[in-house]
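Engineer: One-letter residues, chain by chain:
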Amino acid sequence: MSDAAVQTKDVTPQVSGAPKKADALDARLDALTLPEGGFTAPARADALARLREMGLPGARDEYWRYTDPRSFNAPRPDPIEIEDKSPDSPLFTDLDRLLIVFVDGRFDAAASSDLSQDGVEIDILSSVEGEAGHWAKDLYGVLETAGQNPVKRPFAALNTAAADEGVLIRVTGKPAKPIHILHRRAKDDADVIWHHVIRLEQDAELTLLETGMVGARSNGQIEVDLAPGAKLHHIAAKRAGHQKLGFSAIFARVDREAQFRSFTLSVNGTLMRHEGVIEFVGDDAVGHIAAAVLGDGDKGPFHHDDTVFVTHGAERCESRQVFKKVLKNGAKGVFQGKILVKAGAQKTDGYQISQALLLDEDSQFLAKPELEIYADDVVCSHGSTTGAIDETALFYLRSRGVPKDRAIVLLVLSFLADALDEVADEGLREQINHRLEAWLTRRAKI
Amino acid sequence: MLKINNLHVKLEEEDKRILKGVDLEIPAGQVHAIMGPNGSGKSTLSYVLSGRDGYEVTEGSASLEGADLLDMDPEERAAAGLFLAFQYPVEIPGVGNMTFLRTAVNAQRKARGQDELSAGEFLKVVRAKAADLKIDADMLKRPVNVGFSGGEKKRNEILQMAMLEPRMCIMDETDSGLDVDAMRLVADGVNALRSPDRSFLVITHYQRLLDHIKPDVVHIMADGRIVKTGGPELALQVETEGYGDLVTEAG
Numbered sequence: 001m002s003d004a005a006v007q008t009k010d011v012t013p014q015v016s017g018a019p020k021k022a023d024a025l026d027a028r029l030d031a032l033t034l035p036e037g038g039f040t041a042p043a044r045a046d047a048l049a050r051l052r053e054m055g056l057p058g059a060r061d062e063y064w065r066y067t068d069p070r071s072f073n074a075p076r077p078d079p080i081e082i083e084d085k086s087p088d089s090p091l092f093t094d095l096d097r098l099l100i101v102f103v104d105g106r107f108d109a110a111a112s113s114d115l116s117q118d119g120v121e122i123d124i125l126s127s128v129e130g131e132a133g134h135w136a137k138d139l140y141g142v143l144e145t146a147g148q149n150p151v152k153r154p155f156a157a158l159n160t161a162a163a164d165e166g167v168l169i170r171v172t173g174k175p176a177k178p179i180h181i182l183h184r185r186a187k188d189d190a191d192v193i194w195h196h197v198i199r200l201e202q203d204a205e206l207t208l209l210e211t212g213m214v215g216a217r218s219n220g221q222i223e224v225d226l227a228p229g230a231k232l233h234h235i236a237a238k239r240a241g242h243q244k245l246g247f248s249a250i251f252a253r254v255d256r257e258a259q260f261r262s263f264t265l266s267v268n269g270t271l272m273r274h275e276g277v278i279e280f281v282g283d284d285a286v287g288h289i290a291a292a293v294l295g296d297g298d299k300g301p302f303h304h305d306d307t308v309f310v311t312h313g314a315e316r317c318e319s320r321q322v323f324k325k326v327l328k329n330g331a332k333g334v335f336q337g338k339i340l341v342k343a344g345a346q347k348t349d350g351y352q353i354s355q356a357l358l359l360d361e362d363s364q365f366l367a368k369p370e371l372e373i374y375a376d377d378v379v380c381s382h383g384s385t386t387g388a389i390d391e392t393a394l395f396y397l398r399s400r401g402v403p404k405d406r407a408i409v410l411l412v413l414s415f416l417a418d419a420l421d422e423v424a425d426e427g428l429r430e431q432i433n434h435r436l437e438a439w440l441t442r443r444a445k446i
Numbered sequence: 001m002l003k004i005n006n007l008h009v010k011l012e013e014e015d016k017r018i019l020k021g022v023d024l025e026i027p028a029g030q031v032h033a034i035m036g037p038n039g040s041g042k043s044t045l046s047y048v049l050s051g052r053d054g055y056e057v058t059e060g061s062a063s064l065e066g067a068d069l070l071d072m073d074p075e076e077r078a079a080a081g082l083f084l085a086f087q088y089p090v091e092i093p094g095v096g097n098m099t100f101l102r103t104a105v106n107a108q109r110k111a112r113g114q115d116e117l118s119a120g121e122f123l124k125v126v127r128a129k130a131a132d133l134k135i136d137a138d139m140l141k142r143p144v145n146v147g148f149s150g151g152e153k154k155r156n157e158i159l160q161m162a163m164l165e166p167r168m169c170i171m172d173e174t175d176s177g178l179d180v181d182a183m184r185l186v187a188d189g190v191n192a193l194r195s196p197d198r199s200f201l202v203i204t205h206y207q208r209l210l211d212h213i214k215p216d217v218v219h220i221m222a223d224g225r226i227v228k229t230g231g232p233e234l235a236l237q238v239e240t241e242g243y244g245d246l247v248t249e250a251g
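So the sequences go chain by chain: A and B. If you're matching positions, the first sequence starts at 1 in UniProt numbering and goes up one per residue. If you're matching positions, the second sequence starts at 1 in UniProt numbering and goes up one per residue.
The following block holds chain A by itself, in its conformation from the complex:
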C-alpha cells in the first residue's frame, strides 16, 4: 500500500446503516477460527457467553465515548504495508535475555531461545492446550472475568474466547535473565490474538519485556497474578507502524507486599487502545502503571487511548498512574483513569496524572480522571493537563545556543521524564530514552 493511500485511508469501516449489534458480533466471530477443547475450553465458553451478553462496544458506551471502536468490531482488518521502514531496530536486543518470538501471533520455536531457565516454567499455550490440569487453567480468563465488573470490556472477553496462542509463565524464584517477547509480522492482513498468563509465586521476581510489530490488527491480553512479596516489572515498547490497529489489556491481581510495575512506550499506530486493570487483594502492595506515547498524524490518523482502572481492596497499598502523551499533526490522545477505594482499604495512597503535550493546534487530548472512595483514611489525588511547549523554557535553551529543533526535543524528553522514571532499571530506561530521542530528532521539524 502506498503512503498516499495510507494518508487518505479512513480506518473506520464505512457502513451504510449500522448492523444490529448481534449481527455485527456474529460477523466478527465468524471471521475467527475459535479454538476447541483444551484446558482453557471452560473459560473460553464462559467468555463467549459473556461477550454475547454484552455485545461489541459502540460509541454510546461510556468507556468508548472518546474512541470509535468500529475498526475493532469489523470482521477483518484492512491489509497493511508490512515492509518495515522503521529505522529503529527492536529495543533490548543487546541484552542477555530469554527470547520468545511470535510471527503474526504464532510461536516461532526456531527463532526463540531455549525456554528453560532456573526458577521459571514457560509453556506456549498452543503446545500445552491439550494437557489437562495445567496450572494456568486456574488463571486463564479468571482475572479478565473479575475485571469485567463494574466496567464491561468486550474485547478482553473476545480475547479470552478466541485466543489459542500465548505464553504461560510461572516464576518461583528470581531468574537471572529477563524474558523478552518479540513480535514479528509477515502477512499484510494478520489479525492477531494472543493471551499470556503470568503467575509469580511468593517472593518471585521477573522482568518481562515486550517489543516488536504486531499484525494489521491485534488483540493482546496479559493476566498477571502476583503472590505475596512477588515483583513483576513489565516493559512494553511498541515500534513505529503507522497502520497498526491494536487493542491490548493487562489484568493484574496484586497480593500482600507484592509489586506490579508496567510501563508502555507507544510510537504511532492508527488506532491503539490499552486497558490496564489492577486490583490489590493484599495489604502493603504496590501497583504502578505508566505510559509514554508519541503520536504523529503525518502519515494518517493517529488515535491512542489508555483506559485504566485501579481497585484498592486492601490496606496501605500504593498505586500510581502516570500517562504522558506527545501529539502532533492532528494526533488524538485519550486517557480514562479511575481509582476505586473500597470500604476498609484504609491508608490507601493513590495517585493519577495524565498529561498531554500538543505540538500543534490540530492535535487533541481528551481525559476523564475519576476517583471513587469509600474509605475515610486515604490519600488520593489526580490531575490532568493539556499544554503546549513552554515558551520560556524554549527561549532559555535557545539563549544558550541550542537550536530550536533540538531544544524542542529536550523539552519533550523533559515532559516524558515522569513516565520514564517508572522504568526502575536504569539501563533499560536509558535505552528507551535513546529511542525516544532518536524518534523525536527525526520528527523535530515542526
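Read the hints as simulated data drawn from the structure, not as lab findings. Backbone N, C-alpha and C fix where the C-beta goes; we use that ideal spot for every residue, glycine too. Be aware that one or more of the hints could be misleading.
Only part of the chain B face toward chain A is listed, based on derived beta-carbon distances under 10 Å [said to hold, decoys possible]:
id	residue
1	51
2	52
3	53
4	75
5	78
6	84
7	88
8	90
9	92
10	100
11	101
12	108
13	109
14	111
15	144
Simulated pairs of lysine to any residue, SDA-like, Cα-Cα distance not exceeding 20 Å [to be verified]:
id	chain 1	residue 1	chain 2	residue 2
16	A	368	A	385
17	A	404	B	116
18	A	177	A	231
19	B	134	B	151
20	B	141	A	426
21	B	141	A	430
22	A	404	B	71
23	B	20	B	247
Given chain A, put chain B in place with the hints provided.
Structural biologist: Frame of chain A; chain B shown alone:
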C-alpha cells in the same frame, strides 16, 4: 563590543511602548550597570537583545562586535557571543545538567565551525570550571535547575557562562532571590570571568550587588530611556536618595 542606537520596542500583542529610544555602548572589558525603578524597561532590554519572542523593535539598532543582533535567532545571538543570565532560571526536569551543558557548548561550537567536544573532553572542562567556581559536582548530575535553591540556580547560570565563554554577558537582576552570602558567591563567579575581551551589562534594582561587582559605568533607566549615566558613585546616590530626584531631574 555592544552598541545600541535609539532602540524603540513595543509589546507585540498590545500597543504598549516599553523602550523609547535607548542608546548604550559598552566597550570590550567594561562592566556597565543599569539601575532603575520597576517598569522602566530593564528586563525588556535584556530580552530584546537576546531575542525573546513577544517584542517588536519599531526603531533603532543593536549590534555585537559589528554584527546586527536584531536580525538573528536567539541561538545565533548566543553563538555570536551573547549570554543572558536569567532572573528566574528555568527548571527542566528529566534533562541532566551535563546533557544540557554539553548540548549547548557543542551547538555553539558547531555554529562557529569548531569541532564538537567529545564526552571525555567536555567532562574534563566542566569539572575544572565547576571546581574553579566552587560548584559541587553533584549539581552537574541533577536535572537542570530542578530542586536547586535560588543561589544554586544563579551559580548554575555562572557555570553556563563559564562553559560558553561569551563575549557579552547580560545579568538580569541576578541579585533577586539571593541572600548576602549567595550574592557574594555569584559575584565572585562573575568577577572570576571578567577579562579584557569580555563585557558585562549588570541589571539591578539595588546598589548592594555593585558592592561586589564593581561597575565601570552606571546608567539609570526610567520610562524606557537611559536618563543618566555616571560612575559607580551614581549607584551610591541611588542607594541614599532613591530614584525620585534622578528621574525627575532627567525630565
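Engineer: Taking the hints in turn, state whether each one holds.
Structural biologist: Taking the hints in turn, this is what the structure says about them:
no., hint, in the structure
1, 51, "holds, 7 Å"
2, 52, "holds, 5 Å"
3, 53, "holds, 7 Å"
4, 75, "holds, 5 Å"
5, 78, "holds, 4 Å"
6, 84, "holds, 5 Å"
7, 88, "holds, 9 Å"
8, 90, "holds, 4 Å"
9, 92, "holds, 5 Å"
10, 100, "holds, 7 Å"
11, 101, "holds, 8 Å"
12, 108, "holds, 4 Å"
13, 109, "holds, 9 Å"
14, 111, "holds, 7 Å"
15, 144, "holds, 8 Å"
16, A/368 x A/385, "holds, 11 Å"
17, A/404 x B/116, "holds, 18 Å"
18, A/177 x A/231, "holds, 14 Å"
19, B/134 x B/151, "holds, 13 Å"
20, B/141 x A/426, "holds, 14 Å"
21, B/141 x A/430, "holds, 15 Å"
22, A/404 x B/71, "holds, 16 Å"
23, B/20 x B/247, "holds, 15 Å"
Checked against the numbered hints listed earlier, the structure breaks none of them; every hint is satisfied.
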